Amino acid sequence: MLKIGGQKVPTALVLLVATDCVLITLGLFLATVVRFSFGARSSIVYYLASWQSIWRFVLAVLVCELSLYFNDLYDFRVIASRRELLVRLTQAFGVACIVLAICYYIEPDLEFGRGIAALASPMILSLTLSWRLLLVERRHSLGAPKRMLIMGTGPTGISLARDVILRPELQLKLVGFLDEKGENIGKSLVNPGIIGGTADVEAIVQREKIEHVVISLRERRGHMPVRPLLRLKFAGVRVEDAHSFYEQMNGRILLEHLSPSWLILSDGFRKSALLVWGKRALDVVVSLAALVFCLPLFAAVAAAIWLETGSPILFRQERTGLRGRRFQMLKFRSMTNNAEDEGPRWAADGDNRITRVGKWIRKYRIDELPQAINVLRGEMSIVGPRPERPEFVSMLEEQIPLYGLRHSVRPGITGWAQVKYQYGASVEETKTKLEHDLFYIKHLSMMLDLAVLFETVKVMISGRGAK
2 MLKIGGQKVP TALVLLVATD CVLITLGLFL ATVVRFSFGA RSSIVYYLAS
52 WQSIWRFVLA VLVCELSLYF NDLYDFRVIA SRRELLVRLT QAFGVACIVL
102 AICYYIEPDL EFGRGIAALA SPMILSLTLS WRLLLVERRH SLGAPKRMLI
152 MGTGPTGISL ARDVILRPEL QLKLVGFLDE KGENIGKSLV NPGIIGGTAD
202 VEAIVQREKI EHVVISLRER RGHMPVRPLL RLKFAGVRVE DAHSFYEQMN
252 GRILLEHLSP SWLILSDGFR KSALLVWGKR ALDVVVSLAA LVFCLPLFAA
302 VAAAIWLETG SPILFRQERT GLRGRRFQML KFRSMTNNAE DEGPRWAADG
352 DNRITRVGKW IRKYRIDELP QAINVLRGEM SIVGPRPERP EFVSMLEEQI
402 PLYGLRHSVR PGITGWAQVK YQYGASVEET KTKLEHDLFY IKHLSMMLDL
452 AVLFETVKVM ISGRGAK
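Count along the sequence shown from 1, add 1, and you get the number used in my numbering.
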C-alpha cells in the first residue's frame, strides 16, 4: 500500500486517482476522434501520434487532476453526497477550463481546439461522475473488504473501530472485539460488540475468517495469548499493535495510554545529515522565492493594515524554537494594538481583538508570510511544528506528557498538524496537534515536507481551520 510519510493511502483513493487519469484521457481521445471523424483516418493518426499532442494530453490531465484535488474530490466524505459531488465536479472542471485557457494563451501550440474542447468537457464530466457514483454504490470498494478483529477493549481500539466504520474506503470490515477476561460477550462497544474472549483468539480467527488482528489490551500482562498469536502470525494473519495501526491510518500518534517504550522501540525519528542539509536547502530556496514573488502582496497587506489601525505593520512575538531556544517570530499584525493588555491568550472563534484586515489575512494564512525572514535566519523551517509562546509552553509541558519532544526539530511556518487539524485553542486541541507533530517528527522526510507544502496551498485557498 502507498504511504505518505508513515500514513497509508487507501487503495480506493489510489484507484480513484489512477482511474480519473484514464477517464480524462479517454474523454479527450474520444472527442478528438469524433472531431476528426469526417476527415481522412490518416489525419487522426497523424494528430494523435505527434509529440505535441502527447504534451496536450499531459497538460490537460495534470490541470484536471489538480483541480479535482483542490476541490476536495479525493475526500470520500464529499463523494458520499451526490448533490455535493455534482456541484464540486462542475466547479472543478470549470476551474480547469479557465486554467487551461490561460495556459493556451501563453503557449497556443498546446491548445486542442474549440471543437475538441466542446466535445471533451461533457464527456469527461459524465465519465468521472459515473465512476464516483459507482464507488459510492459499492461503498468505495470494488473488492471484498478485509475482515478485522480487535483483541481487547482498550480506548485506542474503540477509537480505531469508530474510524473503520466511518471510512469505508479503508476496505476493512470490523467483525468484533475480544474481551480480556471473556466476561462481557454480547455487550455492544461500538458496533459490532464483544464476540469472545482473548483466550479464544485462534479459534475465532479461524471461524470468522479473520485476516487482520489488532491488539488493544487494557493490560497485557496475563492477558496476552502469545503462542496463539504467534501461530496466527506464522499462518499469514496480520497481527498489529493498535497504536501502530492507528498511526498508519490517521497520520498521528495517539498519546492515550501510550507507553514511552513504544516511542523508544518503534522505527523512525532518524535524521541523517543528508536529510538535514536537504531540508535546509529547501527552506532557503522556498523562503527566498516567497519573499521575491510576494513583494506586491506584502505591500498591499502593509497598506491595508496601516490604513485600518496604523502602525506597527509587523508584529513580533517571542516563541520557543529548536531545543527550547527562544526567538522573535514575525507576522503581519492581525489584532488591535492593545490585544494583550490583559495578558496572553489563545485566539478563539469570533475574537473581537482581530481587525477586519486581520480576519482576512488570517483566513488565508497571509499573516504568516513574513516568517520567511525567520526561516532565512535559521530560526524556523518552512515545514515543522508551529512554534508556541513560552508562557503556553511551560503550562502545556506540565499538562501534556511528551510535549517538549516537539522542540527536537525547527518549528515551521506550516506543518503536518496545520494541514491535518484545526487551530489549537485549548489544551485538548493542542494535545491532538502534538499527536500530529510527533508523527511528523517520526517520519521526517523531504517527501513528507513536499506533501505538506502541497496540502498547505489547498488550505490557504480554502481558508480552512483559521481563527
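Heads up, a few of these hints could be off.
Calculated pairs, DSSO-like style, for lysine-lysine (alpha carbon to alpha carbon, straight line, at most 30 Å) [stated by the list, open to error]:
| no. | residue 1 | residue 2 |
| --- | --- | --- |
| 1 | Lys234 | Lys210 |
| 2 | Lys459 | Lys432 |
| 3 | Lys280 | Lys4 |
| 4 | Lys234 | Lys360 |
Now the in silico label distances, taken between C-beta atoms and shown as ranges [what the hints assert, rightly or not]:
| no. | residue 1 | residue 2 | range |
| --- | --- | --- | --- |
| 5 | Leu49 | Arg78 | 35 to 41 Å |
| 6 | Gly237 | Pro391 | 49 to 55 Å |
| 7 | Ser267 | Ile186 | 17 to 23 Å |
| 8 | Ser245 | Leu49 | 47 to 53 Å |
| 9 | Leu27 | Trp278 | 24 to 30 Å |
| 10 | Asn338 | Ser260 | 16 to 22 Å |
| 11 | Gly269 | Leu134 | 27 to 33 Å |
| 12 | Arg326 | Ser267 | 23 to 29 Å |
| 13 | Gln329 | Ser267 | 32 to 38 Å |
| 14 | Ile186 | Ile166 | 32 to 38 Å |
Honestly, the hints are just simulated from the structure, not real lab data. All values reported here derive from a predicted model rather than from experimental measurement. The beta carbon of each residue, even a glycine, is placed where N, CA and C say it ideally should be.
For each hint, the structure was consulted:
no.	hint	verdict
1	Lys234 to Lys210	14 Å, holds
2	Lys459 to Lys432	24 Å, holds
3	Lys280 to Lys4	20 Å, holds
4	Lys234 to Lys360	54 Å, violated
5	Leu49 to Arg78: 35 to 41 Å	38 Å, holds
6	Gly237 to Pro391: 49 to 55 Å	52 Å, holds
7	Ser267 to Ile186: 17 to 23 Å	33 Å, violated
8	Ser245 to Leu49: 47 to 53 Å	48 Å, holds
9	Leu27 to Trp278: 24 to 30 Å	44 Å, violated
10	Asn338 to Ser260: 16 to 22 Å	48 Å, violated
11	Gly269 to Leu134: 27 to 33 Å	39 Å, violated
12	Arg326 to Ser267: 23 to 29 Å	27 Å, holds
13	Gln329 to Ser267: 32 to 38 Å	36 Å, holds
14	Ile186 to Ile166: 32 to 38 Å	20 Å, violated
The structure fails hints 4, 7, 9, 10, 11, 14 (numbered hints given earlier, in ascending order).
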